[in-house]
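Start from the sequences, fold in the hints, and give me the full structure.
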Amino acid sequence: MAGNGDIIELKDLHKSFKRQKVLDGLSLAVPQGKITVIIGRSGSGKSVLLKHIIGLIKPDSGQVLVGGQDITRMDDHDLNGLRRRFGMLFQDAALFDSMNVGDNVAFPIREHARLGGEQLRRLVAEKLALVGLSGVEEKMPNELSGGMRKRAGLARAIALEPEIMLYDEPTTGLDPLLTDAINRLIKETGQRLGITSVVISHDIAGAFAMADQIAMLYQGRIIASGPPEELKLSENPVVQQFIHGRAEGPIEVL
Amino acid sequence: MFLTRPLEALGRLVLRALEEAGEILLLLIQTCLWLLRPPLRLRLIFKQMEFVGVRSLNVTLLTGIFTGAVFALQSYHGFSLFGAESLVGSTVALALARELGPVLTSLMVTGRAGSAMAAELGTMRVTEQIDALYVMAVNPIQYLVAPRVVASILMLPVLTIIADYVGIVGGYVVGVHLLGINSGIFIAKIIEYVEFSDISMGLIKASFFGLIMSIVGCYKGFYTSGGAEGVGRATTESVVLASVLILGSDYFLTAIMF
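One line per chain: the protein sequences are A and B, in this order.
Mapping of the first sequence onto my numbering: position 54 corresponds to residue 54, and the numbering continues sequentially without gaps.
One rule links them: number in my numbering = place in the second sequence (from 1) + 254.
In case anyone wonders, no lab produced these hints; they're calculated from the structure.
No false leads were mixed into what you were given.
For each label pair, taking beta carbons as the anchor points, the in silico distance ranges come out as:
(1) A:Glu138 x B:Leu316: 35 to 43 Å
(2) A:Gly116 x B:Leu264: 57 to 65 Å
(3) B:Leu269 x A:Ser16: 19 to 27 Å
(4) A:Gly67 x B:Glu353: 57 to 65 Å
Covered stretches of chain A (chain B as the covering partner; in silico rule of three or more C-beta atoms under 8 Å from a C-beta of chain B):
(5) 79–91
(6) 104–117
Since the structure is predicted, the reported quantities are computational estimates derived from the model, not experimental observations.
Every residue gets a Cβ at the ideal spot worked out from N, C-alpha and C, and that includes glycine.
Here you go:
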């Protein structure tokens, strides 16, 4: 299952919250430098899966290998070191609302790169320009629209040029034009910087447009994964029902 | 079966209380450990000192002045029954320095700053800002909790000494100007009866209350769940728990110190 080019491997993950099983023997391999999109219903545990990859949640059992190292066994110090290789865009961007946008984007740089003054200012402007948000440094996060917040969050996430980017529903709640723009942005930043991307999405059209690999999460497991063309032809009725958005089928909708 | 049910409920309650005490203690230990590791975030500590200290000045002044005033009024009525009005000043000053100053100041600051800590950290938790700190390899206990705890431990004694002072002034105004106690005697008795240790012990208490207020506020906020409603619950619970702990620990601190 796991080839040599896989930077992240999830092996037989189990996780329950109280009595509810969220992950039930989940396994997935994420190839390096590619975009992997994870699709699945709301509440099927996609965000939980993403948080396992970066060690925000520890599994009840199973392994999370990043570059061959099992992060579930790491102590805080090693985990912190590893996290510097990651960038993550949260569902609602998770900008610090006590700081303006410029300081938000500068935050990881100030913490880890020890840059200051003019150099820092220029780097922040450059990152904001990359997401099409030039000149909003002085605005506070609550003065931005949802789409702008997401883009500002993206600028902050890529500020330290991570190897791996995690996106938690980057386009949910955005209009179709912005959805397309963000999808392109993910694809472009991925290709230009050679970043490995893991994207969680409900946006089937977007997923098929940008993914190198699509994986479907259902009942706590990855039930199908592969290149978009392959998944389109999948004979699994659950996959077919989901990607065609039908209410009737093996998945109980209501 | 139904006979054991109240016992079960009681047991659950005790277990939950013990669990919470353990979690708070654990957060405190982690906070201390993170304080030992660089970087020491002085800028954040100063910012919190401003928030906890400077911005609590008004409420501290008002609390102090009225407490001193009403205490002078009440004790005057008592002392005048056996002609000991001259002791009003020292009684007010002693009570303020040992008990009322530290306790009332801490309770007021808990309502203002402790609740704000729970609300702010709680909001950061439910909007994933705390997760974002972890992801950016910045420990939120070091970044958020430690500066608040340090600032509270430092600022509560400062506020208390101010409350002590304006409380005595309030007592003086009522005692000397309204009730006609001799000004010289009022002050002389304060100097005669109030020891330096009365004041310093009060300040040590205030520091301890600052620790309680901030660690409880941060704990409730840090482990918030359940959206806006959860933030509201965390805020209320932090004020109630911190106030009860301050009043409870006050008894034991007094018993140990004086």
